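For reference, the chains in residue letters:
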Amino acid sequence: MSGISRRKLITTGLFATAGATGLGVAAKLAERYGLIPPDAGVLYGAGETLTYAAQRLLTRHAPTRNFSRSQISKDPFANEVAPLGEGFQRLQQGGFADWRLAVDGMVARPASFSLADLRTFPSRTEITLIACEEGWSYIAEWSGVPLSHILGLVGALPQVRYVVYRSIQPDWWESIDMADALHPQTLVTLGMNGGELPVPFGGPLRMRVPRQLGYKNVKYITRLTLTDSLKRFGKGLGSASPEGGYAWYAGI
Amino acid sequence: MEIPAEFETAGQTAGAATSQGAERLRLRHSAFVRVTHWLITLSFLALLVTGVEILISHPRFYWGETGNVNTRPLFTLPIPSSRDTVPTGYGYVLPDQNGWSRYLHFEAAWVAVLTGLLYGAFGFFQGHFRRNLLPAPSELSPKRLAINIARHLRFRRPSEEEAGSYNVLQRLTYLLVIFVLFPLVIWTGLDMSPAFASAFPAVVTVLGGRQSARTIHFFVSIFLVLFLLVHVLMVYLAGFRNRVGAMITGRLTQPRERS
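Chains A and B supply the protein sequences, listed in that same order. For the first sequence, my numbering begins at 1 and goes up steadily by one. For the second sequence, my numbering begins at 1 and goes up steadily by one.
Simulated from the structure, these hints should not be mistaken for lab results. In this text the structure is predicted, and so the values were computed from the model without any measurement. A hint or two may mislead.
What the hints assert, rightly or not - For each label pair, taking beta carbons as the anchor points, the in silico distance ranges come out as:
1) A:GLU86 to B:LEU117: 50 to 58 Å
2) A:GLY41 to B:ARG130: 40 to 48 Å
3) B:ARG151 to A:THR12: 44 to 52 Å
4) A:THR17 to B:PHE125: 26 to 34 Å
5) A:ALA54 to B:ARG151: 44 to 52 Å
6) B:GLY127 to A:ALA27: 30 to 38 Å
7) A:ALA20 to B:PHE155: 45 to 53 Å
8) B:TYR92 to A:GLY22: 25 to 33 Å
9) B:LEU233 to A:LEU84: 52 to 60 Å
10) A:ARG6 to B:VAL235: 37 to 45 Å
Note that beta-carbon positions come from the ideal geometry of N, C-alpha and C, so glycine has one too.
Extracted from the complex, chain A is given alone in its bound form (with noise of 0.2 Å):
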């Protein structure tokens, strides 16, 4: 009995020494792979963690689904948004002509583009759902600028890893990975359904994450800052979602 114990002892702490010699190994890839989200210290970070990391190595570079024009919602939702400012407003009577999306941080050429300089770049149509983390969808066509031929242009440094977006609205400004901003349906986006993009749903210009929820999909951009971490950012847990309650990574 002793003699069994006592092996049991050992294998025990060689399964327990090799166990958290694993994790310790483990967290340091994951991060150095990028498979850690900035909330994971949040309460139920270890959830988003795994749900991150599951998705990264699965569905890093997956197309989303493109549908037939036939399946264009006829009635899509645009959901509320807080009240447009006074900013908004005037420029909105500009007919947006002032409208600028400025690009900084990590870039080799800091830009600032008009809504006519995006029309002149290569445009990309897309017919994608997009979903409410609520439960709601609607298929719309979105048509815009690739955000990596933006990052392109403005020359993002190897070294980024992010790319934060803010809105005319102060309280909205959201970021994604290379994974997302490289994947060549994000877009820039200027149009829907063929005319221009109605201000309900984010006129003139939104970020359309189509692998990730609507809450992503930041209306009224302004502004790309392409960095390398995160933490000065805000609280430092990635975006405005996780500071009100929200997971950063919207994939699911």
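Using the hints, position chain B against chain A.
This is chain B only, laid out in the frame that chain A set:
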């Protein structure tokens, strides 16, 4: 090497004292079944509470890929909502609990899925499914089933022999929960993930679309809640303390309790 008592076959008797009357201690559930049972219980309760919270932010259901407040729903639950954009007929809006509910829903889903996978592997390789859950063919005759159903409907307490094993209705119900409802609720849950649906579109389209998956997710959850209620009622009828005790310690201490 001595086999630890926990790894004996469920239903076997342990020790010499067992054959002596009311004091017998039976190993009713193996350690693996007990641990996975309570892990699933915990995660299911978390999934249920958070699932209800998420649901009330949009208590409307649709079929196909799309659906929103501008669309005619398949059906609407007559409950208030936590969003003022949803027309409910109630004059008030419930507080938004979706943030933590979503975090916890997916964390609990991970616990449920990982536990379910371990349990499934154990069930196949240790013979738990074959031995304890697969009904004997003779039990499946319409006559035997009818007798069993009638006994359940009269709320008869299980007989002495039955106390050490599962009866045929239990076996069929557990198999349905383990191999149909549980996989289906995980499947339809995953369908609502935009990243997962992008990588594996066929698992969404085969069900008719994202909203169809959401609607099926809701109905499967209802069936799982029904199962939970009947399960707890049956445990109560069979002797609550004794049965819950057996799922904790592995042993039925008083087979004749309350008889």
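Structure-based check of each hint:
1. Separated by about 55 Å at the C-beta atoms, GLU86 (chain A) and LEU117 (chain B) satisfy the suggested range of 50 to 58 Å.
2. At about 44 Å, the beta-carbon gap between GLY41 (chain A) and ARG130 (chain B) stays in the expected band of 40 to 48 Å.
3. Roughly 47 Å separates the CB atoms of ARG151 (chain B) and THR12 (chain A), a value that falls within the hinted 44 to 52 Å.
4. A beta carbon spacing of about 27 Å between THR17 (chain A) and PHE125 (chain B) agrees with the range 26 to 34 Å that was offered as a hint.
5. In this structure the hint that ALA54 (chain A) and ARG151 (chain B) lie 44 to 52 Å apart at CB holds, the actual value being about 46 Å.
6. A C-beta distance of roughly 37 Å is found between GLY127 (chain B) and ALA27 (chain A), which places it inside the suggested range of 30 to 38 Å.
7. A C-beta distance of roughly 51 Å is found between ALA20 (chain A) and PHE155 (chain B), which places it inside the suggested range of 45 to 53 Å.
8. Between TYR92 (chain B) and GLY22 (chain A) the CB atoms are about 52 Å apart, so this pair departs from the stated range of 25 to 33 Å.
9. Restraint check, LEU233 (chain B) to LEU84 (chain A): a C-beta distance of roughly 55 Å satisfies the suggested window 52 to 60 Å.
10. Roughly 41 Å separates the CB atoms of ARG6 (chain A) and VAL235 (chain B), a value that falls within the hinted 37 to 45 Å.
Hint 8 from the list above is the single one not met by this structure.
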